[in-house]
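Numbering-wise, this note's numbering comes out as the position in the sequence shown, counting from 1, plus 7.
Hints are computed from structural coordinates only; laboratory data are not their basis. Glycine residues also receive a C-beta, built at the ideal position from the N, C-alpha and C atoms. Accuracy of the hints is not assured; some may be wrong.
No farther apart than 25 Å at their CA atoms in a straight line, the calculated lysine-lysine pairs in the BS3-like style are these [claimed, not checked]:
id, residue 1, residue 2
1, 85, 119
2, 18, 244
3, 20, 119
4, 244, 20
5, 33, 20
6, 18, 33
7, 102, 85
8, 12, 119
9, 12, 33
Distance ranges between label pairs, derived from CB positions [said to hold, decoys possible]:
id, residue 1, residue 2, range
10, 64, 175, 12 to 22 Å
11, 217, 81, 48 to 58 Å
12, 173, 10, 16 to 26 Å
13, 196, 222, 25 to 35 Å
14, 165, 43, 15 to 25 Å
15, 50, 10, 21 to 31 Å
16, 175, 235, 36 to 46 Å
17, 168, 70, 16 to 26 Å
18, 75, 135, 24 to 34 Å
19, 136, 10, 27 to 37 Å
20, 207, 65, 45 to 55 Å
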Amino acid sequence: MNTLKPETREKLKTVSTATLCTALYKRGLRNQFIQDVRPLNPGLGNMVGEAFTLRYIPAREDLNPISVFQDRSHPQRKAVEECPPGAVMVIDSRKDARAASAGGILVSRLMKRGVAGVVTDGGFRDSPEIARLDIPAYHNRPSAPTNLTHHQALDINVPIGCGDVPVWPGDIVVGDGEGVVVIPAHLADEIAGEAVEMTAFEDFVQDEVMRGRSILGLYPPTDERTHADFAAWRRSKGR
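With the sequences and hints as input, model every part of the structure.
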């Protein structure tokens, strides 16, 4: 797995998924925002980490009695114990929330192991309890039925799809109050730097708009005055 630089991680904690999507769009990447997932606790700060993946296929009843969880090598259990601290577990549940991708005990274990967050395009059970944990978690909707009802865990740390987005192990996953974006690992440093600059400019624009300024010539900054005003704003804010 690629190592996410500490300075890049810190930058990504300060920017929005919206800004990151724009930076990715400029590079021709238009399908990096995981569809139809939302945070269980929007009040937590940004989730940032390398992707560690788990893939489910549809369950077949004769292969998925409840006793399969007694096997210590069961892929779901193994993934929870092997996901590295600082990584984000991303689960391919085929956008099927009819049964849980995981529940409160497994997510609690990820939290205690120092995992940075967990994402599924399905649903979590015990969602009220997960929402109270100090770990960012994203899903489509609550789902009480046990995992084996519709899912069979098959592969760990392979390329997957999650919410219509391709996710490779080691890609950089960022979540905020709006959702989750996936950044190709080789672009993480430059995307993070650009997003910090974009955020500074957008904060300046927001200040100007709230003062009553027109967006014409401001956003985008086609007037020379805008560039001068932004430079002065940065000096005053130390940004």
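Status of the hints after comparison with the structure:
no. : hint                  : verdict
1   : 85 - 119              : holds, 15 Å
2   : 18 - 244              : holds, 17 Å
3   : 20 - 119              : holds, 20 Å
4   : 244 - 20              : holds, 19 Å
5   : 33 - 20               : holds, 21 Å
6   : 18 - 33               : holds, 19 Å
7   : 102 - 85              : holds, 22 Å
8   : 12 - 119              : holds, 22 Å
9   : 12 - 33               : holds, 23 Å
10  : 64 - 175: 12 to 22 Å  : holds, 19 Å
11  : 217 - 81: 48 to 58 Å  : holds, 53 Å
12  : 173 - 10: 16 to 26 Å  : holds, 21 Å
13  : 196 - 222: 25 to 35 Å : holds, 31 Å
14  : 165 - 43: 15 to 25 Å  : holds, 22 Å
15  : 50 - 10: 21 to 31 Å   : holds, 29 Å
16  : 175 - 235: 36 to 46 Å : holds, 43 Å
17  : 168 - 70: 16 to 26 Å  : holds, 22 Å
18  : 75 - 135: 24 to 34 Å  : holds, 27 Å
19  : 136 - 10: 27 to 37 Å  : holds, 32 Å
20  : 207 - 65: 45 to 55 Å  : holds, 47 Å
Violated hints are absent here; each numbered hint is respected by the structure.
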